[in-house]
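Sequences listed follow chains A and B, in order.
The opening position of the first sequence corresponds to residue 1 in the working numbering, with each subsequent residue numbered one higher.
The opening position of the second sequence corresponds to residue 1 in the working numbering, with each subsequent residue numbered one higher.
These are computed hints drawn from the structure, not numbers from a lab.
Beta carbons: idealized from backbone N, C-alpha and C, even for Gly.
Some clues are possibly wrong.
Below, a list of computed lysine-lysine pairs in the DSSO-like style, where the Cα atoms sit at most 30 Å apart [what the hints assert, rightly or not]: (1) A/LYS3 to B/LYS163; (2) B/LYS163 to A/LYS243; (3) A/LYS3 to B/LYS312; (4) B/LYS312 to A/LYS7; (5) A/LYS224 to B/LYS163; (6) B/LYS32 to A/LYS130; (7) A/LYS224 to B/LYS139; (8) B/LYS216 to B/LYS139; (9) A/LYS224 to B/LYS32; (10) B/LYS32 to A/LYS131; (11) A/LYS3 to B/LYS316; (12) A/LYS224 to B/LYS142; (13) A/LYS243 to B/LYS139.
Here are some of the chain A residues that sit facing chain B, going by a computed Cβ distance under 7 Å [to be verified]: (14) THR229; (15) ARG231; (16) GLY234; (17) TYR244.
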Amino acid sequence: MLKFIAKRLLWMIPALLVLSFLTFVLIQLPPGDYVTTYIATLSASNEVIDQNTAADLRARFGLDQPMIVQYWKWISGILLHGDFGLSFEWQQPVSGLIWERMAFTLLLTFATLLATWGIALPIGIFSAVKKYTVGDYIVTLFSFIGLAVPSFLLALVLMYVAAVKLGQEVGGLFSDAFVTAPWSFAKLWDLMQHLWIPVVILAVSGTASLVRVMRANLLDELHKPYVTTARAKGLSEFHLLMKYPVRLAMNPFISTIAWLLPNLVSGSIIVAIVLNLPTAGPMLLQSLMTQDMYLAGAFLLLICMLTMLGSLISDILLALVDPRIRLE
Amino acid sequence: MNTMPLPPASSRPVLEVRDLVTHFPTRAGVVKAVDGVSFTVHAGKTLCIVGESGSGKSVTARSILQIVDEPGHIVSGAMILHWPDGRSTDIAQLRNRSRAIRDIRGRDIAMIFQEPMSSLSPVHTVGDQITEVLRLHLKLSKAAARARCIELLGQVEIPNPDKAIDRYTFEFSGGMRQRVMIAMSLACNPMLLIADEPTTALDVTTQAEILALIRKLQDQHGMAVMFITHDMGVVAEIADEVVVMYHGRVVETGSVDTIFHNATHDYTRRLIGSVLKLEQKAEIRLARAPLDDAAPPVLEVHNLTMQFGAGKNPFKALDNVSLIVKPGETLGIVGESGSGKTTLGRCLMGVYRPSGGQILYRRADGTTMDVLQADKPSLKAYQRDIRMVFQDPVGSLNPRMTVAQIIGEPLYVNNIAKGRALDDRVAELLERVGLNPDWRERYPHAFSGGQRQRIGIARAVALSPRVIVADEATSALDVSLRAQMLDLMMELQDRLGLSYVFISHDIGVIRYMCDRVAVMYRGRIVETGAAGQVCDAPTHAYTQALLSAIPRPDPRARRMHERFRYVA
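Isolated chain A (complex conformation) (with noise of 0.2 Å):
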């Protein structure tokens, strides 16, 4: 087990290497750079900026030498400092900007995570149990809408109910007067009040779908003989519901872990911006259409390694899990 890990994290280092020049090319791809952006920007607000100035910001930011080299600053800087560059629109290195962003997706994901699990494989069970009954149509009828409902509406109700109903600051994850205090509990608190909008909004687009496949992978298990066998021992229908058929049919779901994580950055873009939340993927997004491609350069990178992490970790977990996989 241990040699296998090794193996697929050595794996990984040529993978990134390959992945890491394919993103550099990729943002390179569209016309123009950085500095044609700015200058469109300043020219909308009747602003001209000479050839002059616009060649010497060229030269200050490197976009004037060839790909090839542009490319071996930044991938030399990453591996040899660990510095990812610098932000042309933020004027700040790129690595100060990502990682605190970064923990406030992981956080606001992971609360995700626990609302969509915690609401829907319940959901997903009962209504594999009670198939085809009042109960099954009723929830199946709710998941359904939930996921028929577009995020961002339901983003700009709840925000109305909590702004006007219940009096809530809504938007970002702080009140204005936390964002930049030190951590209490008093921010906390404020950071709860401010997470369960996106929470409930995120959890309940991705609700449908799990119970549905919740459904559909516990139907396959309910009638094998193996369910049969415990039936035939005595345990209640609770248990052995429990311990066979809904422990098997919870091993596909840890498969999703592995697209799980680059979601993280790439993910719920829209929310994210309608709640004004301090994310990455607005960031990312913005980073892209302004070409600011250090940043965005960073950022992709982050999820093509998030991805081979999230489905090292899904295979760790599934072999764990999974005795058939783990003794192969």
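Place chain B on chain A using the hints.
Chain B only, in chain A's frame:
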């Protein structure tokens, strides 16, 4: 007449089933799976319930524990369970989720199932699944349950029980898994053991061991055994009393001797008849003129070797196999699971590339080709001449193709017939295998198991092949259909001049239809000879051991206790 003594009057009834009715409401109407069944099981005795698939024997067994799958339910009847202390309960009156029925399940009545792999959870250890019963019914502590579990695994003769307890089911062979299942069912010393086809998925030698084990434990614990099977040989070996079921009803009940030698009901006689039919050579073969021994063989296999995997543990599925197939003859390949017989079939078909050896094929014009060295076009031509019939009549037919498409496909892809001509050809083929040509636009699910296997045969002969490899072609069929299918195949053989390579684990089938037999053991052919000689007077010790484990459908000549093991 030499009749078996009836169970002594002192033998205590354990379970009395009276007029049991179990229904399955479906959209097409109510299926009366069990329709008024009555019988009594006595302590220390074995009651066999026999019948073909769909006769309701399995549903009867499940009704007793009230574990019939939805939407099936018990409609009426009584099932009186008698405890040794004189109490009795009508199980049919208990609600199927009640505490009372759950206390009976696993403690007073235990059950073992057909497929030991899928009937045990793959992700829980053997120990976990056995100690669960002990902790539930006997309220043992964790440590006590574990100790008792190790003891049980020892009783069912699993080697190293203290290690086996922490292993998973897929680490065991089929026979060992069934032992685990038995250990689990015996955990609480039940009064009644219900065994639902417990040896059907096992090899004959393993089957003999499992049957002997159940008998030994039955003698030790004095429990009653209710044994459900379709195998009349097994019935003859183990039963005290027999209940014959047909279409949800009991057609005849009696002592095992009466059923085999003095049956009164027509169905029972027919059932026994079709079993005995497979105990001798087919009439159609006895009547046939002897084959021309001098004719050059159509297939010659020399020193065929097939190795799977490389490195430390290569596995030789075929080890220096040589055989010949003559025109018009049936060569039987017999052996236990894992002996390499299916691998041999696949090598002959050109599906696997053997690691060594030679397969020579003599074309109709007398020229020979080396199959393993052949170029693509001649290999394709070879594969038109050698076709296959598969074991599973459900899995080997595409459910989304009509029967006409299934049978016509080989003709179509080989550009032999199209359009109208193809349609006519398909109709002719269907007629030839005894199916109504008007059914050709139907899908496979509309046909019964036997009919599907006929479709498979029609597909195999569509290209007018010269050799057909049949891999366990009749194993999935009921015994009454089995002889019919073999008769059809022999009739086709005589009419079309086919040679068969007939792979089977069933000696009866081999004896009935084959001219010569090759016996395989661990990838090697240990004995080849005329079918009669190999089946009745084998020379190799392995063949003798294999035959000694086969139950004979005659309760007056029980012999499985005389079986012996072959130790290589």
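Can you give the numbers of the hints that this structure goes against, from lowest to highest? none
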